[in-house]
Amino acid sequence: MFVAPDSKIMSTSPRAHSASSGQAWVRATERSGMTLMELVIGVLLTTLAATALLILSSNTGRCLAELTNYVDLDHYNRVALDTMTRDLRQVRYMTSFSSNAVTCVDKDGGQLSYVYSPVNRTLTQTKGGLSKQLLQQCDQFNFAIYQRTPVSNKYSLFSTTATNCKVISVTWSCSRTLFGRKVNKEQGQAARIVVRNKKEI
Amino acid sequence: MKTTIRRAGQEGSILMVTVTLSFIIGIVLLACLSLVKNQNQSVARSQAWNTCIPVIEAGIEEAMAHLNNKRESSLAVNGWTQTGSILFRERPFGDGFYSAVVDMTDFFRPTIICTGYVRLPAVVAMANQPLMASAVNVGGVSYISRTVQVLAKREPRWSKAMLAKDTISMSGNGIDTDSFDSSDPNYSTGGLWDPAKRKDNGDVATNSGFTNALGVGNANVRGRISTGPGGTVNIGPNGVVGSNPWHDGGNSGIEPGYSRDDMNIWIPDVEVPWTGGALPPISGVVTGATYTYLLAGGNYELATLTLKKDERIAVTAKSVFYVKGDLTMLGRIDIMPGATLELYVGGANAVIGGEGINNTGQATNFQYYGLPSNLYLDLPSNGDFTGAIYAPSVDLKLNSGGSSTLNFSGACVTRSIHLTGHYNFHYDEALRKAGPWKDYVIVSWVEL
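Listed in order, the protein sequences are those of chains A and B.
Numbering follows my numbering, with no gaps: position 35 of the first sequence is 23.
Numbering follows my numbering, with no gaps: position 247 of the second sequence is 930.
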């Protein structure tokens, strides 16, 4: 098929030939022309379909990004918790404490510290002069210390000083942003770590 | 007439759009599934890795229970195998198992190495990714394993100068505590306390967590003080607690770091020395002196013991004397050189008065054990006391009376302690080294 310069369509179909008494030309208005209504409906439908596609793509992308964020958040939280429980469990004793930082004498006699920076929103582990960032975009972090001896008939523990610390409690919450907005926020991680070593005086 | 026009090109476009969309959705779906899979693996790995700790600690618990089992005469029992000084035990635990090795090369400080194995979750086993804990293959099964090494040691029965379950009160201005070591000539002279060689381990401790659980008053404690959690110390204006330099420097009050409130020590009851009975002691003569009772070694028992003012007991060899009822002593017990006496008292009341215990040896030569039924022990003696008291149910009263200062060389573990008058309490650190011993306790914990 080809289109003639005068906007008529020349058909090679035998039926077309017979219907027009031997002429090969068919009037285009009968088949290819669109009325204004058809055009409007066509544009509307196309717009609707495109919008739906756009929304679908956007939501899918956003969902994927959020999922990625969450996995990242969860991964960092888990590694941080595993690392802290492993390390703090075997320190010899604590030397200094604040709600943002703890410093302990590690199993090898070296110094081990965990410091939370509210400005940078990071938790940093420092051991032997080497620092490692365990948490990023950490909105809130808190250390608390206790004795190991439980309070009678309660789940709570006696708060104490760094000298007598046997239990280190950590709580934190982190978040991740998407297009500048916080979209993933952990409700909070919490753990109580019992220092296994006995401080020999 | 109608003309049908084939629009093959437009149909192709729809196909392309469909394929493209499907591809995009597929990629997104794949990414999502991949994320979920990674997340799942991470969680499973972490769970398995953390599960290793209770498995390991179960192994350590079993090893400790095995070491502290006094009912067995051999360590190669209850599934434990022994090769030289090494003990080994492996036990299934849930989906995994643990293997515990105890190195008894140093009998007083055995080392326990326990490895916990937890079956690697299938989802992680297939992942073939780097893990925080590497997987090990045991018998064709993949496990995550972690290993912990703990050091245990035997605690001495008398680890402090004064140890009580409940309150300790020291009244008056003439009470001092310090320490010496009768087994070390650097810290004793002829095995006796020497003020020029004294140490500062005259610790005073109570498990009590009550207000004023420990009343130091105006005493001078050359050592540390401890109460139970929440317990408080009542110290007077002239009371001093701290190291020798703190005391010698003329300080008052408690030296920083010398007071704690986390005391929580297990004080087991005394068991009866025997149940089969023993002969009562009889009188005898030692170096020309006649004694009401002569303990010449071995086991002796009496229903009750009342020793009058002019009556004496002589101990000439290692003896165990079980007084099932009350003990009232107004006379004297002479412990001859080289002899030892373990005195068990089952009655509610015990008074060691008169001339008291004439112990020519060290604190280990006279050991007083109060059974759970022994509730009161009074030491109103007018002489010095050398010995060790272990009576977890006893209210101990030490009253020097008069203005003279008495010396107590040894240690005591009781329910409560009340000191009045002028008492110098010298903790003999040889009791830490010579025993007797309590059970093994863990003093260090390191993950390998």
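Mixed in with the good hints, there may be bad ones.
Heads up, simulated DSSO-like pairs for lysine-lysine below, C-alpha to C-alpha not over 30 Å straight-line [to be verified]:
no., chain 1, residue 1, chain 2, residue 2
1, B, Lys836, B, Lys1116
2, B, Lys720, A, Lys173
3, B, Lys836, B, Lys880
4, A, Lys186, B, Lys1121
Selected chain B positions facing chain A (Cβ under 7 Å, derived; list incomplete) [unchecked claim]:
no., residue
5, Thr989
6, Val1126
7, Trp1128
Over the 10 Å line for every Cβ pair with chain A, so calculated as not near, a few chain B residues [unchecked claim]:
no., residue
8, Ser725
9, Pro737
10, Thr788
11, Ile796
12, Arg802
13, Pro804
14, Arg943
15, Gly981
16, Glu994
17, Tyr1059
18, Glu1130
Hints in this document: simulated from the structure, not taken from any laboratory.
All residues carry an ideal CB built from backbone N, CA and C; glycine is no exception.
Okay, the hints, checked on the actual structure:
no. : hint                 : verdict
1   : B/Lys836 / B/Lys1116 : 12 Å, holds
2   : B/Lys720 / A/Lys173  : 21 Å, holds
3   : B/Lys836 / B/Lys880  : 28 Å, holds
4   : A/Lys186 / B/Lys1121 : 17 Å, holds
5   : Thr989               : 42 Å, violated
6   : Val1126              : 5 Å, holds
7   : Trp1128              : 3 Å, holds
8   : Ser725               : 6 Å, violated
9   : Pro737               : 13 Å, holds
10  : Thr788               : 21 Å, holds
11  : Ile796               : 14 Å, holds
12  : Arg802               : 19 Å, holds
13  : Pro804               : 15 Å, holds
14  : Arg943               : 6 Å, violated
15  : Gly981               : 39 Å, holds
16  : Glu994               : 45 Å, holds
17  : Tyr1059              : 27 Å, holds
18  : Glu1130              : 6 Å, violated
Of the hints listed earlier, those the structure fails to meet are numbers 5, 8, 14, 18, in rising order.
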